Amino acid sequence: MPKHYRPAGKKKEGNAARYMTRSQALKSLQVNLNLFRRLCIVKGIFPREPKKKVKGNHHTYYHVKDIAFLQHEPLLEKFREIKTYQKKVLKAKSKKNEELARLLLTRQPTYKLDRLIRERYPTFPDALRDLDDCLTMVHLFAVLPASDREKLEVKRVHNCRRLSHEWQAYVSRTHSLRKVFVSVKGIYYQAEVEGQKITWLTPHAIQQVFTNDVDFSVLLTFLEFYETLLAFTNFKLYHSLNVKYPPILDSRLEALAADLYALSRYIDASSRGMTVEPKVDSSSSSQSNDREESELRLAQLQHQLPSSEPGALMHLVADNNEEVEEDEETRACKSLFKDLKFFLSREVPRESLLFVLPAFGGMVSWEGEGAPFKEDDECITHHIIDKPSAGHMYLSREYVQPQWIYDSVNARIILPTEKYLVGRIPPPHLSPFVDNEAEGYVPDYAETIKRLQAAARNEVLPLPGVGAGDLEDPQNLLYAGVMSRTEEAEAARNKKKMATLEKQYHEELKMEITGTSADDLPVEEEGEEGEEEDPEAAIKQVANDEDTRSKLSMSNKKRKLYEAMKMGLEKKNEGVKLIEERKRKLKKAQQ
Amino acid sequence: MGKQAKTKTSRKNKKAWRANISTEDIEDFFEKTTKDALSGGNLSAAPSEDLFHVDKSHDLPVRRKIEKRRERVLRVDSILKKNPFVQPISSSKPKSKTSKKTTVTESKTPKQAQKIDADDSEMVDLWGDDSKAERESNPRKMSKMTSIIPAVEVDPAGCSYNPAAESHEDMLAAAVAQEMQKVYKTELGPEPVPLTIDGDAVDEDERYFLGVDDGSEGEDDAEAGKEVSEAGDTSASEPKKLPKRVTRVVFNKRTRQKALLKKLTKEKLKEKISNEIDSLPNILEEISREDEEKQNKLVRRAIAKQDVLKIRPPRLGKHKFEAPPVQVLLTEEITGSLRKLKACCTLARDRFKSLEKRGILVPSKNIRRN
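In order, the protein sequences belong to chains A and B. Counting from 594, one number per residue, gives the positions in the first sequence under our numbering. Counting from 76, one number per residue, gives the positions in the second sequence under our numbering.
No lab work stands behind these hints, which were simulated from the structure alone. Possibly wrong hints are sitting among the right ones.
Here are the simulated DSBU-like cross-link-like pairs (lysine-lysine), alpha carbons at most 35 Å apart as the crow flies [said to hold, decoys possible]:
no., chain 1, residue 1, chain 2, residue 2
1, A, 1103, A, 644
2, A, 620, A, 705
3, B, 380, A, 1170
4, A, 748, B, 440
5, A, 620, B, 385
6, A, 1133, B, 372
7, A, 772, B, 385
8, A, 1165, B, 369
9, B, 385, A, 1151
10, A, 1180, A, 1165
11, B, 395, A, 1153
12, A, 605, A, 705
13, A, 1090, A, 1181
14, A, 644, B, 415
15, A, 1159, A, 1181
16, A, 646, B, 393
17, A, 1176, A, 1164
18, A, 1159, B, 157
19, B, 257, A, 1170
20, A, 1043, A, 605
21, A, 1165, B, 393
22, B, 417, A, 1170
23, B, 415, A, 744
24, A, 1159, B, 257
25, A, 1043, A, 1159
26, A, 644, B, 372
27, B, 372, A, 648
28, B, 156, A, 671
29, A, 658, B, 156
30, A, 705, B, 157
31, B, 372, A, 829
32, B, 440, A, 1133
From a predicted model like this one, the values you see are computed outputs, not experimental measurements.
Work out the full structure, taking the sequences as your base and the hints as a guide.
Put into structure tokens, the structure is as follows:
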């Protein structure tokens, strides 16, 4: 803390007055390091790098005002209270007074982070904007094994799983998923909720491990905050759908998970007693809750619905969503897999697909109890399989690899399945997060997808002149499009050529007029070129002028940044060239 | 005399006894007690507080300075007061009071919780009443993002589980470069001091002798040095010569030389100045060139700073941030099947590194000390 009284000649100013090291901060706050770290994480206070590190390069610095901000935190007092209370418990234990210790433990003071969330995110969009890290962390901890050593309890893992499923249920219900990218690290998703783009990463369905170079106590503190944040966000989102927030009664479901069959019957019985309203609610909140939970729910729904037709489920969902006004993209996403029914084999990543397919309007089932429809259902259109060969093949459906779904979702069209059929090596899985135009390099498969998209768009528009046969063959249309584009390019080239020819002609004329004075010819040429109506040069000139003018008007810092940006662009272009060259070489080598 | 003697007779006889003793005090006492009993208590025995009291009702208590100060509200507290979530906590209040308060609040909170329980949810809509006024009353503008690095960085296209050949090659090259950098660093760095050296162990006695030898050699050197210095001393021991007397002629010569030198330097200076004036355009050019160089240097630095901030946080502590290895499949690992994918199982590390990269955590080494 800055002292109010400073001895003469010891006036602190500048960085020395504005920053303090971590140990100084600890002293002034009178807390230990652990508590300080927790407070910082929860309050969102991070170390800073002062321009002059007064105490040396090996210290961590905090801003004085940040520490003052921490000092006024009511949570600090609460933490202290907890600490003293724990001393009591410890004392009771060391006196072998187990009863008292137990009693004390039941009345332990607790704290809540609600206020901090409100403080850090004053508005809801603020919270949504910062949800990336939160979602990734919660999804990660949902699959981590509970561990005593890391103090990760089973309860927290379950809570994480519940929260993540709640979030996924909301996203798939509102059809707000936009992009999916399967990488080595995990599966990246991007959703658009209330105008905010939220990206998160979920791990693959393999065992995650605790590594030695990670401080899990820090991560758990982060998780604690994020759990609260996500719970409140989910609450708000669910209420925007008119759904009650904690979607299921926990105690009942925990009991249910023990004995599946008996308890599903129990639920069935209890759900019959429910009114219609809650039925809608429960259906919309179910589906992708806990694995078993969702199974249960679906089974239960199946019982509820008179015809036990899975389509009815989607109907209920759709009805519920009608009130929410939808934009163009949401509608496109909603109707992508509209009339398709999918069946998942055992070996495909079920969690991910159960999330993705409903988000794009598809109906899904899987192998196992409680699935909405069985494998031998007649109206299944696609069977998702990831084996070299399928055993028994139904002729009425297509057997495709899971990548087909992801690629179709990213392209927003139903891609032809030939390349993704069982046993084939599928085409490369491209990242939807890469902007090909900005990057300047377009992979081959991206180009074919683009063509297909263009073809699909044409198909959607009702063309009176074109027969059904033509429409069915997108390749035709595609070629037509390509042809038109190449023609255009050629026309432009022709124009340019004509212009240059004309210029040459003019020059020759002038040469004749001035006579054959060969020495001053180049000078004249230079002079002429400025006046000549060469469109490209003129444009370039104008652009240059603009550039310099805007540069002059910019501040020094901005100009430097701008120049840095330009350099970066140049670098990128070079990279693209390199890639293209490499590609050419590869092709040559293959030939 | 006789009379006098008579008067001095003893009064101890019966008659005298009866006449001289008075019972007044006893009678007085009885009288008093009967009076007291009738009137209802002895007033003199009662304490004065019972009999009288000071009327303080109109007096104003003298305020103590401390109390006055306590009443003053700090700005922080006034800001916090606006927030309905914050309960007032004052460190200066006596402990008994605070404990009472906490018990009161505790008894209140379960009631509220129960109320909410009746609504079937413990939660409230935090952002239910989004209004500008509340946002303004926010005690502190929350610090902006610490870095420009996004929280979840999407891997480049080459890290896909089934990547396109070109982009995959690119990523692979990056990964190899990262790995090789480490190798080169160890190779090119100074060799670490070996913990053990080959060779025979030296005996305790021999070591003693070794030390002696070293010492003796040093002494020899010192002796040799001494001898040399002694030789020098003998030569210098002769009587010192006095400086020669400066004669008039020599003195005049010197002054003339001095004047000449002065003149020469003056001329040289003049020539130099004229030369410089002649080369003024050159100098100007040089200055401009220098300025340009300076400008370039500044721009380069700015660019480098921006570039660095994109990939690595500012130096926050003792250790530098080390980027985690790139998660990319080897060429022979690409199968095109999700089932056979060799996926990354250390996502926790990835998260941790991301936090470090964004400058939220201070990078550290050897987190687990056991």
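- prompt: Do the alpha carbons of residue 620 of chain A and residue 385 of chain B lie within 35 Å of each other, as the hint requires?
  reply: holds (34 Å)
Proposed proximity, residue 1165 of chain A with residue 1180 of chain A (alpha carbon, max 35 Å): holds (23 Å)
query: For the pair supplied as a hint, residue 1159 of chain A and residue 157 of chain B, is the alpha-carbon distance within the 35 Å limit?
result: At roughly 49 Å apart (the allowed maximum being 35 Å), residue 157 of chain B and residue 1159 of chain A break the hint.
- prompt: When you check the alpha-carbon spacing of residue 372 of chain B and residue 648 of chain A, does it fall within 35 Å?
  reply: Roughly 29 Å separates the two Cα atoms, so the pair holds.
- prompt: Is the straight-line distance between the alpha-carbon of residue 772 of chain A and that of residue 385 of chain B 35 Å or less?
  reply: holds (24 Å)
query: Is it true that the CA of residue 1159 of chain A sits at most 35 Å from the CA of residue 257 of chain B?
result: Within the cut-off at roughly 31 Å; holds.
field: Given pair status - residue 605 of chain A, residue 1043 of chain A, alpha carbons within 35 Å
entry: violated (63 Å)
query: Does residue 1170 of chain A lie within 35 Å of residue 257 of chain B when you go C-alpha to C-alpha?
result: With a Cα-Cα distance of about 28 Å, the restraint between residue 257 of chain B and residue 1170 of chain A holds, given a limit of 35 Å.
- prompt: Under the criterion that the straight-line Cα-Cα distance not exceed 35 Å, is the pair residue 1159 of chain A, residue 1181 of chain A satisfied?
  reply: Holds - the C-alpha atoms of residue 1181 of chain A and residue 1159 of chain A are around 33 Å apart, at most 35 Å.
field: Agreement of residue 415 of chain B and residue 744 of chain A with the hint, judged by alpha carbon distance not exceeding 35 Å
entry: Holds, at about 32 Å.
- prompt: Does the alpha-carbon distance linking residue 372 of chain B and residue 829 of chain A stay inside the 35 Å limit?
  reply: violated (52 Å)
message: With the threshold set at 35 Å, check whether the alpha-carbon distance from residue 1090 of chain A to residue 1181 of chain A stays at or below it.
response: Holds - the C-alpha atoms of residue 1181 of chain A and residue 1090 of chain A are around 32 Å apart, at most 35 Å.
In the structure shown, a violation is registered for the earlier hints numbered 1, 12, 14, 18, 20, 31, 32, in ascending order.
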